[in-house]
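K.L.:
Letter by letter, the chains look like this.
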Amino acid sequence: MSWEISITAILTLAIYSFLAGDNPFYRFAEHLLVGLTIGYTLVVTVKSVIWPEAIQPIARGEVGAAIPLVLGALILLRLIPRWAGWSRIPLALIVGGGAGVAIPAMLKARVLDQMAATVAGASTWSGWFILIGVVTTLTYFVFTRAQTGGWGTSARLGRYFMMAFFGATFAYTVMSRVALLIGRLEFLLGNWLGLLRS
Amino acid sequence: MKDRLAILTASGFGSFMAVQYFLTAPVANAAYRAILGWIQIVFAVALVAGVISVVRLHLKQLGRRRNQRVYSATLLGGAALMTILGFAGGVEQGSPFLWIFEHWQAPMQSTVFSLLAFYVASAAYRGFRARSAESAALVVAALIVLLGRVPIGEWLLPFLPSSADWILNVPALAAKRAVLIGIGLGMVATSLKVIAGIERSYLGGR
Amino acid sequence: MIKTRRWIFAAMALAVTTALVFRPGLPVSITPETRHVFGVIDSLAPGSVVMISFDHEASSLPEIGPLGSAIVEHCFRRGVDIVGLALFSEGTAAGYDLLSRRASVLGRVYGSDWIYLGFRPQYTAAILGMGESIAGVFSADYKGQPLGSTALGKRVRDYRDIALVVSLADGSMPTYWVEYAQARYHERIIAAVTAVMVTSYVPYIESRQLEGIVAGLKGAAEYEQLLGHPGAGMRGMDAQSAAHGLIAILIVAGNWQAWRLRRKRRTMEGASS
Numbered sequence: 014m015s016w017e018i019s020i021t022a023i024l025t026l027a028i029y030s031f032l033a034g035d036n037p038f039y040r041f042a043e044h045l046l047v048g049l050t051i052g053y054t055l056v057v058t059v060k061s062v063i064w065p066e067a068i069q070p071i072a073r074g075e076v077g078a079a080i081p082l083v084l085g086a087l088i089l090l091r092l093i094p095r096w097a098g099w100s101r102i103p104l105a106l107i108v109g110g111g112a113g114v115a116i117p118a119m120l121k122a123r124v125l126d127q128m129a130a131t132v133a134g135a136s137t138w139s140g141w142f143i144l145i146g147v148v149t150t151l152t153y154f155v156f157t158r159a160q161t162g163g164w165g166t167s168a169r170l171g172r173y174f175m176m177a178f179f180g181a182t183f184a185y186t187v188m189s190r191v192a193l194l195i196g197r198l199e200f201l202l203g204n205w206l207g208l209l210r211s
Numbered sequence: 007m008k009d010r011l012a013i014l015t016a017s018g019f020g021s022f023m024a025v026q027y028f029l030t031a032p033v034a035n036a037a038y039r040a041i042l043g044w045i046q047i048v049f050a051v052a053l054v055a056g057v058i059s060v061v062r063l064h065l066k067q068l069g070r071r072r073n074q075r076v077y078s079a080t081l082l083g084g085a086a087l088m089t090i091l092g093f094a095g096g097v098e099q100g101s102p103f104l105w106i107f108e109h110w111q112a113p114m115q116s117t118v119f120s121l122l123a124f125y126v127a128s129a130a131y132r133g134f135r136a137r138s139a140e141s142a143a144l145v146v147a148a149l150i151v152l153l154g155r156v157p158i159g160e161w162l163l164p165f166l167p168s169s170a171d172w173i174l175n176v177p178a179l180a181a182k183r184a185v186l187i188g189i190g191l192g193m194v195a196t197s198l199k200v201i202a203g204i205e206r207s208y209l210g211g212r
Numbered sequence: 028m029i030k031t032r033r034w035i036f037a038a039m040a041l042a043v044t045t046a047l048v049f050r051p052g053l054p055v056s057i058t059p060e061t062r063h064v065f066g067v068i069d070s071l072a073p074g075s076v077v078m079i080s081f082d083h084e085a086s087s088l089p090e091i092g093p094l095g096s097a098i099v100e101h102c103f104r105r106g107v108d109i110v111g112l113a114l115f116s117e118g119t120a121a122g123y124d125l126l127s128r129r130a131s132v133l134g135r136v137y138g139s140d141w142i143y144l145g146f147r148p149q150y151t152a153a154i155l156g157m158g159e160s161i162a163g164v165f166s167a168d169y170k171g172q173p174l175g176s177t178a179l180g181k182r183v184r185d186y187r188d189i190a191l192v193v194s195l196a197d198g199s200m201p202t203y204w205v206e207y208a209q210a211r212y213h214e215r216i217i218a219a220v221t222a223v224m225v226t227s228y229v230p231y232i233e234s235r236q237l238e239g240i241v242a243g244l245k246g247a248a249e250y251e252q253l254l255g256h257p258g259a260g261m262r263g264m265d266a267q268s269a270a271h272g273l274i275a276i277l278i279v280a281g282n283w284q285a286w287r288l289r290r291k292r293r294t295m296e297g298a299s300s
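Chains as they are written, first to last, in my numbering: chain A, 14 to 211; chain B, 7 to 212; chain C, 28 to 300.
By construction, these hints were calculated from the structure, which means they are not laboratory data. All the given hints hold, so there is nothing to weed out.
Cβ-Cβ distance ranges computed for the label pairs, FRET-style: (1) Gly134(C) with Asn35(B): 37 to 43 Å; (2) Ala55(B) with Glu17(A): 30 to 36 Å; (3) Ser168(B) with Gln284(C): 27 to 33 Å; (4) His213(C) with Leu202(A): 46 to 52 Å; (5) Ser168(B) with Trp283(C): 24 to 30 Å; (6) Gly134(C) with Leu14(B): 53 to 59 Å.
Derived SDA-like pairs: lysine to any residue, alpha-carbon spacing no greater than 20 Å straight-line: (7) Lys121(A) with Ser227(C); (8) Lys199(B) with Ser21(B); (9) Lys60(A) with Ile106(B); (10) Lys66(B) with Phe41(A); (11) Lys170(C) with Glu98(B); (12) Lys199(B) with Val124(A); (13) Lys30(C) with Gly133(B); (14) Lys8(B) with Arg95(A); (15) Lys30(C) with Leu122(B); (16) Lys30(C) with Ala40(C); (17) Lys121(A) with Gly158(C); (18) Lys8(B) with Leu92(A); (19) Lys170(C) with Arg73(A); (20) Lys60(A) with Ile58(B); (21) Lys8(B) with Pro94(A); (22) Lys60(A) with Gln172(C); (23) Lys30(C) with Ile276(C); (24) Lys60(A) with Gly171(C); (25) Lys60(A) with Arg73(A); (26) Lys66(B) with Val47(A); (27) Lys8(B) with Gly98(A); (28) Lys199(B) with Phe22(B); (29) Lys170(C) with Arg184(C); (30) Lys8(B) with Leu209(B); (31) Lys60(A) with Gly56(B); (32) Lys8(B) with Leu89(A); (33) Lys170(C) with Ser101(B); (34) Lys291(C) with Arg137(B); (35) Lys199(B) with Gly18(B).
Glycine included, C-beta positions come from ideal geometry on N, C-alpha and C.
Isolated chain A (complex conformation) (with noise of 0.2 Å):
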């Protein structure tokens, strides 16, 4: 049992301290976690994407690099309240970007790439199920127009492939963070502890 662990093991029985309620233990854990959290964030940007490439093609004589660096500089006023509304142009650059290059992608990989496949696979019986789901199930996103009749039917069952899609996503969940908790019980048991046979 190292002082190394034993600092882990007091910092991580500080975060599950909360299951008893809120309390100072907890509270100095997270704002340690957050700080921690925002230094690295810095540390990381800088070292990987700032300094390599924008302020070392600059030092090389690059003049297209101060582009970018001169439009981050306006992001940067944003701090400013004064001069805040320059950063809209850099966000509008990020934005309208994305928006621009988002069109074909979602066109093609959400819309076309799943509907072809939908239809190519109603082939077979999971196949037919599939697409009668599909369809089923848009009917119920459709809110401008009244659920009723033949369409309220085909809602209502959209419905069922929906609860069928959630019970599988609460399943899947809790699987997740089982695997969390358990991950730092066996640290707490087996590294800090020793109790684990290995």
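Once you have looked at the hints, place chains B and C on chain A.
P.N.:
Okay, now just chains B and C, sitting in the frame of chain A:
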């Protein structure tokens, strides 16, 4: 004027990035690559701005809110520690920066999220009720997948894994696919609205 | 209400602890999905390059760490070279740490058998940019060395030099890999994800936009079995079973309790009318 410039920026760059998917001219390709590079650096500086913002907030709290002082000091101390270690000591194997990430930051992060395992168990008892045919379908699907995906389920009832597979690969897939198609269409519509200057929420509610 | 909650918390801790300590060793079967992913990586020729993107936060390390470790070990044992990167800031250190440790154990050399490119915050620009030029997105690696200064760095110009991308993720990142790298550049993508994300990716598997999926601690356990090298995944399976069993019991118990109360209320209403 700044808003108009921002809208023109979004429209101009958005239109080009949408259209360049179909362009093969070298000059279009070069412009596309340059814009991708600019977006990366602007985004990185935005992250730095976020860090500065949090630090400023807690520096203010050091001076003002007495009962918050210790916590704000802890937060700022943690941030300073990682920053100094990262820039002075490097980020590679064996560095103090990586050590703190491995032994303090990562374990605490996972512990915070592992708390949800307890709350999910509590929610399973108190909230997961089959009050109607639909909610019964949800509960049954959850139970089958919950047990069918772990060794104990396979051991107890051999048909559970294949039933869980069916739920995942047929009805759940169908519902998720419908949601994907709906979201895809919605995102295309929103992107077109951003490029056309109709959608302006990124300007901050103006 | 709070008392019941505390008992449930205690039961959960007890179930997982007991299973970890006593480890009954229930057999773990291997799903076709994991077998398929194993087969895809196993079929790569030595010298092929796999890009592993650490698209996760530090919080999901207990779940995604064993999976990443198994996949990296498989690649290294096959003589497949690895180009690592991160599209999440916390994945940066986690990914570098994992690759360094596995490489050191298996005698793989930085620069020729593996390189680590580092972090890019804007995933769309990064994924699209690498389709044009990897050096255009990462002019230097995580250690600050120019990309072209290493043997492996010289070899990887764009996705045509990458046989497979593995996105080790706890969120939506594999979706973006599909939308940008697979849709535009026809890159093969494997999603190695936390269990919570499985239902989100099943449509992409069925449409063959994703080459394969392996998920969670169970996925790691299956992969370790296929590798013949049990690790954290296998160790956690009994505890996973115990916790799932407890939650199933809680769901049934909660519903039975609710049903009993409803029946009692109906009886009382019937008696009073």
